[in-house]
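Based on the provided sequences and hints, a complete structural model is requested.
As they're listed, the protein sequences go chains C and D.
When the letters of the first sequence are read in order and numbered with this note's numbering, they come out as residues 1 to 392.
When the letters of the second sequence are read in order and numbered with this note's numbering, they come out as residues 1 to 392.
If you are wondering where the hints come from, they were derived from the structure by calculation, not from laboratory data.
Mixed in with the good hints, there may be bad ones.
Label pairs and their computed distance ranges (CB to CB) [unchecked claim]:
#1 D:Asp354 / C:Arg207: 54 to 62 Å
#2 D:Lys206 / C:Glu41: 23 to 31 Å
#3 D:Val148 / C:Lys382: 24 to 32 Å
#4 D:Val148 / C:Glu346: 30 to 38 Å
#5 D:Thr147 / C:Glu357: 48 to 56 Å
Residues of chain D clear of chain C, computed beta-carbon distances all greater than 12 Å [what the hints assert, rightly or not]:
#6 Thr40
#7 Thr271
#8 Gln331
We treat Cβ as the ideally placed atom computed from N, Cα and C, and that holds for glycine.
Number of protein chains: 2
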Amino acid sequence: MNLPLGYRYSSVFAGIRKQKKDDLALIVSDPPASGAAVFTENRVQAAPVRIARFHLQQSRGLVSAVLINAGNANCATRTGDRVALACCDALGKQLRVPAAQVLPASTGVIGVELEASLITNALPKLIQGLAPARFDDVARAILTTDTVMKVAHRKLTLRRRAVRIAGMTKGSGMIHPRMATTLGFVMTDAVLPPPLLASMLAVSVKRSYNRISVDGDTSTNDTLLLLANGASGIEPTDKELIKFEEALSQVLEDLAKQIVRDGEGARKLITIEISGAASEDAADRLARTIANSPLVKTAIAGSDPNWGRILSAAGNAGVAFDPSKVDIHLQGMLVCQGGVAADFSESELKKKLDEKECLIRFELHGRGMATARFWTCDLTEKYIEINASYRT
Amino acid sequence: MNLPLGYRYSSVFAGIRKQKKDDLALIVSDPPASGAAVFTENRVQAAPVRIARFHLQQSRGLVSAVLINAGNANCATRTGDRVALACCDALGKQLRVPAAQVLPASTGVIGVELEASLITNALPKLIQGLAPARFDDVARAILTTDTVMKVAHRKLTLRRRAVRIAGMTKGSGMIHPRMATTLGFVMTDAVLPPPLLASMLAVSVKRSYNRISVDGDTSTNDTLLLLANGASGIEPTDKELIKFEEALSQVLEDLAKQIVRDGEGARKLITIEISGAASEDAADRLARTIANSPLVKTAIAGSDPNWGRILSAAGNAGVAFDPSKVDIHLQGMLVCQGGVAADFSESELKKKLDEKECLIRFELHGRGMATARFWTCDLTEKYIEINASYRT
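Right, dumping it as C-alpha cells:
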C-alpha cells in the first residue's frame with residue numbers, strides 16, 4: 001500500500017442522501033497537517049466553503065480533520081453556517097482538537113436545509129471506524145453521480161527515503177442534477193509548511209483542475225484540499241521541492257482527467273492543445289472556448305471530423321488571430337492548413353475518432369510561443385438524460 | 001398582403017445543397033434601397049461577410065440586390081472572396097446595376113469550396129422568376145436545419161399613410177451541423193437614409209438578435225440586413241422615427257424569438273428577465289450566463305423547478321452580488337427569496353413548467369435599477385442527436 005503515513009479514514013451512512021450508501025466521511029491527520037486549499041470562484045458559495053476558509057485562517061493552516069458529507073451541498077440554506085460550525089465543534093470535542101482544525105466539505109443538492117443532528121449523531125460511529133487503510137471507503141462515500149471511484153497515488157524518493165502522495169476526488173458534471181460539485185482531497189506525509197504548500201497547490205491546480213470542463217459550469221461547493229502532516233519525517237531539500245511539485249501536479253492531473261473521463265454521459269476524453277498564441281492568457285482562452293463549444297463536443301461524440309466547428313469556436317474566444325495562419329490536427333492528422341481544408345482521408349480519420357481519446361491540436365503561426373492544454377469530454381444524449389430527468 | 005412596395009423576390013434550386021430544395025435566392029429593390037447591416041463578431045468571417053461589408057462601403061449604403069445561397073457557407077475556403085465577387089459581378093451585369101450594389105450572403109457547411117458556376121449558371125432563371133409576391137419562397141430557400149419558416153410583418157401609419165416592414169430569418173442552432181448560421185433580411189418601403197437606418201438597426205439588434213442564444217456559439221456567417229427603398233414615398237417625421245424604430249424592434253424581436261423557438265431540439269422558449277442590477281452590462285451578463293448554462297436548460301427541459309442551478313449559474317457571471325439579496329421567480333411563482341428556498345408548491349410549479357413558454361425572473365435588491373431580457377430554449381436529447389449524427 002502506498003498510502004501516506006499518519007492519516008486515518010472512515011465513512012458511514014448517516015441518512016443524508018436517499019440512496020443507502022455511505023454519505024458521511026472523515027479524514028484525520030495525526031500529527032495535525034499543514035493545509036492549503038483552493039475553493040470555488042462562484043459568487044454563490046456554500047456554507048462549508050466559507051467555514052473551511054475561516055478555519056484555515058484561524059488555525060494558520062493547521063488541519064486535524066476533514067468532515068465531508070454527500071447528498072446535501074449545504075448551500076443557499078438559512079442555517080448553513082450554523083450547521084457547518086456545529087458539526088466542526090462536535091467533531092473537534094470528540095477528537096480533542098480545536099474546532100478551527102476541522103474543515104467541513106459538502107456536496108449535493110442546493111437550497112435544502114441540512115440537519116446537523118444527522119451528522120452529529122453519526123460522529124461516534126464514524127470516529128470508531130477510523131483506520132489507516134480505509135482510504136477507498138472515503139473516496140467512495142464522497143461520490144454522487146460519479147460512475148467510478150477516482151483516486152491517484154505517487155511515491156517519490158526525497159533525501160533517499162520514501163514520501164507518499166495520495167489523492168481522491170469526485171465530480172462528473174461541474175454541477176450535478178440537484179447535486180453540486182467537485183471535491184478533492186490530497187494527502188502527503190512529507191514535511192511542508194502551509195505557505196509553501198499553498199503556492200505549490202496554486203501552481204499545480206492551474207495545470208490540472210483549472211484545465212478541465214465538463215459543461216462549463218462552476219459549482220458553489222468546489223473544494224480542493226492538500227494536507228501535509230510530515231509523518232514521514234522527511235522535508236524535501238530546496239532542489240527536491242521541484243520534484244515534489246511535479247509529483248503533486250501528476251496526481252492532480254491524474255485526478256482531474258478522471259473527472260472528465262467520467263463526465264456525465266461522456267464516452268471520450270478530449271485533449272485540446274493550443275500552440276503559438278501571443279500570451280498564456282490567449283492560449284488558455286482559445287483552449288477553453290473550444291472545450292466549451294457544444295458543437296465541437298457533439299461532433300466528437302459523432303466521430304465527425306468537422307474542423308470548421310473548431311475554427312469557428314476559436315473565432316469566438318475573444319482572441320485576435322489571423323484564420324489564414326491556423327493549422328488544426330485531429331488525432332494527429334492535419335485537417336486544416338492555413339485556415340482551409342487540408343488533404344486528408346476522411347474515412348481514416350473517422351475511424352481514429354472512434355477511439356476513447358481524442359486529441360485536438362490548434363496551432364497559430366506568427367503570433368507567439370504561448371501554449372495551453374485543456375481536457376474535456378464529448379457531449380452525448382446521456383448528459384441530457386441525466387440532467388433533465390432527475391426529478392421526473 | 002402587407003409586403004413593402006418596390007421589392008421583388010425569387011428562388012431556384014442550383015444544386016448547392018444535396019437535398020433537392022431551393023438553395024439560391026434573390027431579393028431585388030427598385031429603386032435601390034438604403035442598406036444597413038450587422039455582421040458576425042466571430043474572428044473567422046466568411047467571404048460573403050467580407051464582400052458584403054466592402055460593397056456597402058463602396059456603394060455608400062446603396063443596395064439593389066441581395067444574393068443568398070444555402071448549403072455552403074463559403075467560409076475557410078481558398079477561393080471564397082473570388083467566388084463571392086464573381087457572383088455579384090455576374091448578377092450586377094444582368095440586372096444592370098453596379099456590382100457594389102449587390103450583397104452576397106451564404107449559409108451552410110464551412111471549409112468546402114463553393115463552385116461559382118453553380119450560382120452564375122442559375123442566375124438567368126433566378127432573375128426570370130422575380131415577383132413581388134414570392135417573399136415566402138425566399139424565406140424558405142434560406143433555411144437549413146430549421147423546421148419552420150420564420151417571417152414577421154408590421155404595417156404602420158406615418159404621415160397618415162401606410163408604411164410596411166417585412167422580415168425573414170433563418171437559424172436554429174447558432175451553428176448547425178456542417179451548416180452555419182443566422183441570416184436575416186428586413187425590408188421596408190419607408191424613406192430612410194443609410195446612416196439613420198444603421199443607427200436604428202443597431203438599437204433594435206441590441207434588444208433582439210443580440211439577446212438570444214441556442215447554444216452560445218456565434219457563427220462565421222451571421223448577417224442581418226435592413227433595406228429601406230422609399231417606394232412608399234413616405235419619410236417619417238422626426239417624431240415618427242421613434243414609432244418606426246419601435247415597429248422595427250418588434251419585427252426583429254419577433255424573428256429572433258422564432259429562431260429560439262425553433263432552436264435545435266427545443267421544446268420550450270425560455271425568457272430570462274433580470275432586474276435590479278448595478279449596470280446594463282451586469283444585467284446582460286447575468287442573463288447571458290443563466291441562458292447559456294446547460295444545467296439550467298436541461299432542468300427546464302425536464303420541468304424540474306431546480307432554482308439552485310439558476311442561482312449557481314448567476315454566480316458564475318463575473319458580476320458582484322450578494323446571494324442573500326436575490327429573489328427568483330419561475331413561471332410567476334416565488335421559488336427563492338433572499339437566496340434561500342421560498343415556500344411554494346412544487347407539484348403546482350412542475351405543472352406550470354410543462355407549458356411551452358418558461359419565464360425566469362432573477363431580481364437583485366439594493367444594487368441598482370438596470371434590467372435585461374434574454375431568450376433561449378431548453379436543451380434536449382434531440383440537440384445532441386442533430387449535431388452528433390450528421391455525418392454518421
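Verification of the supplied hints:
no. : hint                            : result
1   : D:Asp354 / C:Arg207: 54 to 62 Å : violated (45 Å)
2   : D:Lys206 / C:Glu41: 23 to 31 Å  : holds (29 Å)
3   : D:Val148 / C:Lys382: 24 to 32 Å : holds (28 Å)
4   : D:Val148 / C:Glu346: 30 to 38 Å : holds (32 Å)
5   : D:Thr147 / C:Glu357: 48 to 56 Å : violated (35 Å)
6   : Thr40                           : violated (8 Å)
7   : Thr271                          : holds (19 Å)
8   : Gln331                          : holds (15 Å)
Hint violations for this structure: numbers 1, 5 and 6, all remaining hints satisfied.
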